[in-house]
Amino acid sequence: MNIEEKIGIALAKALEELYGEKIEAEKINLQPTRKDFEGNYTFVTFPYTRIAKQKPEAIGEALGKAILEKEDLVSAYNVVKGFLNISISQSYWIELLLDIQTDASFGKLKANDQKVMVEFSSPNTNKPLHLGHLRNIFLGYSVSQIVEAAGYEVMKTNLVNDRGIHICKSMLAYKKFGNNDQPTKERKGDKLVGDYYVKFDKEYKAELEQIKAEIAVKQPSLTGKELEKSADLQSSLLNEAKALLQKWEAGDPETVALWEKLNNWVYDGFDVTYKRLGVSFDKIYKESDTYLLGKDIIEEGLQNGVFYKREDESVWINMEQEGLDEKLVLRADGTSVYITQDIGTAELKFSDFPMQKSVYVVGNEQDYHFTVLKVIMQRLGRDYADGIYHLSYGMVDLPSGKMKSREGTVVDADDLIDEMEETAQNRTEELGKIDGFSKEEAQKLYQQLAMGALKYYLLKVDPKKRMLFNPEESIDFQGNTGVYIQYTHAKICAILRKADKDGIDYKNASLKGLSDMAKTEEELIFLLNKYPEKISEAAESYSPATIANYAYDLAKLYSKFYAELPIFVEPDANKLAFRVVLSAAVASTIKKALGLLGIEAPERM
RNA sequence: GGUUCCGUAGCUCAACUGGAUAGAGCAACUGCCUUCUAAGCAGUAGGUUCCAGGUUCGAGUCCUGGCGGAAUCACCA
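Heads up, the first sequence is in my numbering, so the first residue is 391 and it goes up one at a time.
Rather than coming from a laboratory, the hints here were simulated on the basis of the structure.
Mixed in with the good hints, there may be bad ones.
[As the list claims (entries may be wrong)] Here are the computed lysine-lysine pairs in the DSSO-like style, where the Cα-Cα straight-line distance is at most 30 Å: (1) Lys651 <-> Lys665; (2) Lys854 <-> Lys946; (3) Lys619 <-> Lys632; (4) Lys665 <-> Lys981; (5) Lys881 <-> Lys829; (6) Lys920 <-> Lys425; (7) Lys676 <-> Lys592; (8) Lys854 <-> Lys920; (9) Lys673 <-> Lys581; (10) Lys443 <-> Lys403; (11) Lys829 <-> Lys891; (12) Lys565 <-> Lys575; (13) Lys651 <-> Lys632; (14) Lys673 <-> Lys651; (15) Lys425 <-> Lys471.
Whole structure, please, built from the sequences with the hints as guidance.
Structure, rendered in C-alpha cells:
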C-alpha cells in the first residue's frame with residue numbers, strides 16, 4: 391500500500407468517526423501541497439461542509455488532529471482556509487527510497503492479463519518517411535512502451551498501404567522516365583520511388599494546364615470544379631495510372647512484377663530509417679492482403695439489420711442515433727470502400743491477437759472515419775469495439791505552411807536525422823565533451839543525443855495539438871529538452887562512478903538514523919514515488935507527454951539538488967550515502983522514463 | 001452551412017482532471033565554474049488564461065452563446 395492510500399484510509403475513517411458519514415477511501419482526493427505551504431499532501435475540506443455541518447477550517451483541524459494521532463506516518467499538519475496540509479515523517483520517505491532502490495522494476499505495474507494492439511507508422515509505399523510520420527511513429531512506439539509498463543501485453547503493428555492509385559502513379563512515372571534507374575547507397579529505394587511520385591505530379595500538372603487551355607478555347611463556359619473535372623477526365627497520365635491499377639488488380643504479371651520491385655525498394659529504404667529511429671514492429675499488415683476483407687461482415691450486418699441495401703444494391707448504415715450521417719459501406723457494384731476494409735482488418739487483427747484495446751495512431755484528419763468505424767463495430771456487437779481508440783494527433787506545420795509530399799515540400803526524415811546528428815556533434819565538440827571517447831563511442835553519442843532531442847521535442851506536446859516545426863532553428867539542446875534530461879542522467883552516472891571509486895558502499899548503507907533531510911531531498915523522493923502513478927495515468931490517456939513532462943520535472947528537481955547539496959564534501963557518512971542512494975534512484979527512474987519515450991540515456995556526455 | 005478539435009507570457013509548451021498567489025523553457029537582463037560534468041544553478045522582467053454570460057464555497061478547467069484557427073462532412077485512401 392502506498393502513502394496516499396494509507397492517508398486516504400485514515401481520512402475516510404476519521405470522517406466516519408467524526409461525522410458519521412461513510413466515505414470510500416478511493417474517493418478521498420489528495421493533491422501535492424503547493425510549494426508556498428508546509429506539508430506534502432493536501433486534502434481539500436470544502437466538499438465535506440455539508441456532512442460535517444462545520445466550517446472548512448474546523449473540519450481541517452479535526453481531521454488533522456485525528457490522523458496525526460492514528461496514523462504514524464503523519465508527522466504534522468496545518469490548516470489554511472479549507473486546505474488541510476499533511477506532512478509525512480522523514481523515516482517514511484527514507485523507507486520509500488530504500489524500496490525504490492531495491493526494486494529493479496520500479497514503476498512497472500502488475501500484469502493485468504489484458505492485451506493491447508497499437509497500430510502506427512502505416513506509411514504509403516510511394517514516398518519516403520517525413521516529419522509528419524515521425525510524430526506518428528514516436529507516438530505509437532512510446533504508447534506501446536507505456537502500455538506495456540502499465541501491465542498490458544502489447545502487439546505493435548504497422549499497416550502498410552502498399553497498393554492503390556498513388557503507387558501506380560510512381561510506377562507509371564518510373565515506366566515512362568525510369569531508364570532502369572536503380573537505388574544506390576546515396577539514394578535509397580524509398581527516395582527513388584518518391585522522386586517518381588513527384589515526377590508524375592509535375593508532368594500531370596503540366597498536362598492539366600495544357601488541357602485546360604484547350605478547353606478554354608473549345609468550351610469557354612466551363613469553369614471552376616467542372617473545368618477541373620473535365621480536365622481530369624481527359625488526362626492521359628491519370629487514365630494510364632488508373633489503367634495500371636486495374637491491371638494490378640487483375641493480377642497482370644508484368645504490372646505485379648513492377649509493383650513488387652518498387653515496393654521492395656521502398657521497404658529496404660524504410661528499414662534503414664526505422665532502424666535509425668530505434669523502432670520495430672511485431673507484425674506487419676499489408677493492404678494488398680487486406681483490401682478485399684470485410685465483405686463477409688457487411689453480409690453479416692445485412693442479415694441482422696445493422697446495414698441496409700438501397701435500390702441500386704449499394705449498402706449503407708444509418709448512424710443518426712449517434713448524431714452522425716448515413717455512410718456507404720459497400721458500393722452498388724459490390725466493391726469495397728475504405729471503411730469496408732477497415733472493418734475487415736479490425737476483425738483480422740482481433741483473430742490474430744484477441745485484444746481488449748486497439749489503438750490506431752492516425753492523424754486527426756481521420757477523426758470522422760474512426761468514430762464511424764467504432765460505431766459500426768459496436769453495432770455489430772464486437773466485444774473489442776469499446777476498446778477501439780483513435781490516437782488522433784495534429785499536423786506538423788512548417789513555417790512555410792503545410793507539408794505536401796506531392797510537391798516535395800516536406801522535411802525528409804533521414805535528412806532531418808542527419809542534420810540533428812551534425813548539430814549534436816558540433817555542439818558536443820564546441821563544449822569539449824568527448825575527451826576519452828573512441829570514434830565509435832562519440833558517433834553513438836551523437837545519435838543518442840540527436841534522437842533524444844527529436845523524440846522529446848515531438849512527444850512533449852499534447853498529441854491533439856497541431857505543432858509548428860522550425861527546421862532553421864533546429865532543435866534546442868538547452869532547457870526543456872531531451873538532451874537536458876539525458877545530461878542530468880549522465881551527471882548522476884559520474885557521481886555513481888566516483889562513489890564506486892571512493893569505495894562508498896551506498897547500496898548497503900543503513901539510512902535509518904537520518905533525520906534532518908533537506909526540503910529538496912524530500913521533494914525528490916516525493917516525485918520518485920509518483921512515477922508508477924504517472925505510468926498508469928499516461929497509459930490510461932495514451933499520452934507520452936505525461937511521461938515526458940514527468941521526466942523533465944524529475945531532472946529539473948535533481949539539478950536543483952545537485953547545485954544545492956554537494957555530495958562528496960558531506961562529512962556525515964550516513965548522509966553522504968543517502969544522497970548517493972537518492973541520486974542512483976533518480977538516475978534509474980530517469981532512464982526508465984526516457985525508455986518509455988524511446989530515448990536512450992547515455993552514461994557520459 | 002453541420003460536426004469535431006484547438007485558443008494560456010513576445011515564442012514553444014505545463015497546470016495532478018473543479019482547488020490556494022496560473023507554472024517551465026526559449027528570447028532579454030543580473031549573478032554563480034580553484035568544488036560530483038556550467039548541455040547547469042539562482043534571480044529580474046513578462047498574464048484580463050480569445051470575448052460575454054452561467055453553474056458554486058471555488059472556473060484556465062464544466063455549461064450556453066459569440067470570435068479566431070484547423071480538420072472533416074467523397075461510391076479517394
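Going through the hints against the structure:
1. Under the criterion of a C-alpha separation no larger than 30 Å, the hint pairing Lys651 with Lys665 is consistent with the structure, at around 22 Å.
2. Between Lys854 and Lys946 the alpha-carbon distance is near 26 Å, which keeps this suggested pair within the 30 Å criterion.
3. With a C-alpha separation of about 15 Å, the suggested pair Lys619 and Lys632 falls inside the 30 Å cut-off, and the hint holds.
4. Simply put, Lys665 and Lys981 have alpha-carbon atoms about 21 Å apart, close enough for the 30 Å limit, and the pair holds.
5. Taken as a hint, the Lys881 and Lys829 pair is honoured in the structure, with Cα atoms around 21 Å apart against an allowance of 30 Å.
6. For the hint pairing Lys920 with Lys425, the CA-to-CA distance comes to about 17 Å; that is within 30 Å, so the pair holds.
7. Pair hint Lys676 plus Lys592 holds up; C-alpha atoms about 28 Å apart against a cutoff of 30 Å.
8. Straight-line distance between C-alpha atoms of Lys854 and Lys920 comes to about 25 Å, which keeps the hinted pair within the 30 Å bound.
9. A hinted pair counts as satisfied when its Cα atoms are at most 30 Å apart, and Lys673 with Lys581 qualifies at roughly 24 Å.
10. Among the hinted pairs, Lys443 with Lys403 is consistent with the structure: their alpha-carbon atoms are about 17 Å apart, no more than 30 Å.
11. Of the supplied pair hints, the one linking Lys829 and Lys891 holds, its CA atoms being roughly 26 Å apart against a limit of 30 Å.
12. As the CA atoms of Lys565 and Lys575 are separated by approximately 22 Å, the hinted pair is consistent with the 30 Å bound.
13. The suggested pairing of Lys651 with Lys632 holds, with an alpha-carbon distance near 19 Å, which does not exceed 30 Å.
14. Proximity of Lys673 to Lys651 is assessed by CA-CA distance (about 22 Å); at most 30 Å being required, the pair is judged to hold.
15. Simply put, Lys425 and Lys471 have alpha-carbon atoms about 16 Å apart, close enough for the 30 Å limit, and the pair holds.
Violated hints: none; the structure is consistent with every hint.
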